[in-house]
Amino acid sequence: MLVMIKSAPDTTDGALGLTLAKESGADLVLLQNGVYFAQKERLGAFSGAVYVLGDDKRLRGLRDSEMDARAKTRDYDKLTDIITGGDKVTGVF
Amino acid sequence: MGNVAMILKRSPYGDINAAEAVRHALGAASFEMSVDLILMDGGVLLAKKGQDDAGTGFTNLEGTLKDCLEMGVSVYADAASLKAQRVASNDLVENVKLVNSKEIAGLLKEAKATMIF
Amino acid sequence: MPKTVTLYLTTSPYSYENTLTSARIAESALNKGHTVNLIASADGIYCFLTKQKAKGILNAEEEFARLIQKGLKVYL
Chain A
1 MLVMIKSAPD
11 TTDGALGLTL
21 AKESGADLVL
31 LQNGVYFAQK
41 ERLGAFSGAV
51 YVLGDDKRLR
61 GLRDSEMDAR
71 AKTRDYDKLT
81 DIITGGDKVT
91 GVF
Chain B
94 MGNVAMILKR
104 SPYGDINAAE
114 AVRHALGAAS
124 FEMSVDLILM
134 DGGVLLAKKG
144 QDDAGTGFTN
154 LEGTLKDCLE
164 MGVSVYADAA
174 SLKAQRVASN
184 DLVENVKLVN
194 SKEIAGLLKE
204 AKATMIF
Chain C
211 MPKTVTLYLT
221 TSPYSYENTL
231 TSARIAESAL
241 NKGHTVNLIA
251 SADGIYCFLT
261 KQKAKGILNA
271 EEEFARLIQK
281 GLKVYL
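Residue numbers (my numbering), protein chains in the order written: chain A, 1 to 93; chain B, 94 to 210; chain C, 211 to 286.
By construction, these hints were calculated from the structure, which means they are not laboratory data.
Hints are not guaranteed to be accurate.
Unchecked claim - Not everything, but these chain A residues come out facing chain C in the computed CB check (under 7 Å):
no., residue
1, Gln32
2, Tyr76
3, Asp77
4, Thr80
5, Thr84
As the list claims (entries may be wrong) - Restricting the straight-line Cα-Cα distance to at most 20 Å, the calculated cross-link-like pairs of lysine to aspartate or glutamate (EDC-like) are:
no., chain 1, residue 1, chain 2, residue 2
6, A, Lys40, B, Asp134
7, C, Lys280, A, Asp81
8, B, Lys176, A, Asp10
9, A, Lys22, A, Glu41
Each residue gets a CB set at the ideal place from its N, CA and C atoms; glycine is no exception.
Take the sequences, apply the hints, and build the full model.
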């Protein structure tokens, strides 16, 4: 399962998306304001894969040095492969 | 004419509020109004350096914030919000002033009008 | 293998980043040969009004018209 989050970490929707992803063992796609979840120490004990949309990260001035080491930056093409490659997409929170 | 305080609470790009705040701040400044733009909560992310809009179709709001500063808008960032949003003070656009909640209260008390985005 | 991607857009064209995200995902999926549906509901339908004059942000009318030419199927 893939959970997509577009809401910021300080929002109810964003927090709900992360909790759902954690509890269901899903992978995570972070886009729009959801990219801030990929900053260091925001994800906590998350065991799935974490993908961050590169355009949205750059737009907000986030540097690689600020990011959680688990977060992999992907463009729209790769993101589409991830979305279409999985069995289920939940969101967008 | 008294000064206008504009409070931005929302982070940039996800919705229109940050773009509207800087647009109205620029507009007011162009009419020689005194404008205090106060960044709080996710709004402090507007002042983060290094925003790159290449290929996105968006207006770069870091650039627009700098335009505001050049036009004489006073820009303030809430120190507690910066900490919560993990933005270091040296990662801010130049000439953005750090303030605490008491100082923000003072700015709002002095303002003739307040707009919240 | 081609799949069907269905996007659900409910927000107005210029108040949120969703217009851009939807358009970019749709275009990428179309380029890869997938079938792409976009269901516009609530304020999402405003993305498909004509004579939009947006500047400095993605013009929803122009962008979706271009994607419809590429095969995007839109349902209001």
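Structure-based check of all given hints:
1. Gln32: OK, holds: A/Gln32 within 7 Å of chain C, min 5 Å.
2. Tyr76: With a minimum Cβ separation of about 4 Å from chain C (threshold 7 Å), the hint on A/Tyr76 holds.
3. Asp77: holds, 5 Å
4. Thr80: holds, 4 Å
5. Thr84: holds, 5 Å
6. A/Lys40 / B/Asp134: holds, 19 Å
7. C/Lys280 / A/Asp81: holds, 19 Å
8. B/Lys176 / A/Asp10: holds, 13 Å
9. A/Lys22 / A/Glu41: Within the cut-off at roughly 15 Å; holds.
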